[in-house]
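Q: With the hints as extra help, turn the sequences into a complete structure.
Position one of the sequence shown corresponds to residue 1 (the numbering used here), numbered consecutively onward.
Do not take every clue at face value.
[To be verified] Pair by pair, the computed Cβ-Cβ distance ranges are:
1. 122 - 62: 36 to 46 Å
2. 57 - 85: 29 to 39 Å
3. 29 - 64: 12 to 22 Å
It should be emphasised that the hints constitute simulated quantities derived from the structure, not laboratory data.
Just so it is clear, the structure is predicted and the values come from calculations on it, not from any experiment.
Positions of the beta carbon are idealized from the N, C-alpha and C atoms, including for glycine.
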Amino acid sequence: MSVSDVMSRWLVTVNPKASVREAAKAMNELGVGSVLVVDDNGRLVGIFTERDLVRVVAEGGSLDDPVERHMSRRVISVEPGTPLLEASDTMIRHGIRHLPVVDREGRPLGVLSLRDLCQRLLGELGD
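A: See the structure below:
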């Protein structure tokens, strides 16, 4: 089984110049724990997560700051054909809950979340 069998294909993206408030609003309204930050060519340049939002607030940052100031820039990602076990191991080793899935040009195709993995596992246990 590969990442493409489990990942969410519904992408929530923002431009690097979007405000932290805009990113947080999108995450809240759409019920997601992260937004992918993409450049004008649609390539992944960062990820902004709930953890990043907590850090902004805790450190006294402004919600009007551009998201690029607070996003994680060294994004760990995988391609859709990556075996699911390898991807979950990557998430555990790096302590991440959202793993972007990108094509060879670095454009996002989906996100594998801890929630996706748990739902898949629980579904298999229920079968």
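Q: Work down the list of hints and note, for each, if the structure agrees.
A: Quick rundown of the hints versus the structure:
no.: 1; hint: 122 - 62: 36 to 46 Å; result: 40 Å, holds
no.: 2; hint: 57 - 85: 29 to 39 Å; result: 35 Å, holds
no.: 3; hint: 29 - 64: 12 to 22 Å; result: 18 Å, holds
Checked against the numbered hints listed earlier, the structure breaks none of them; every hint is satisfied.
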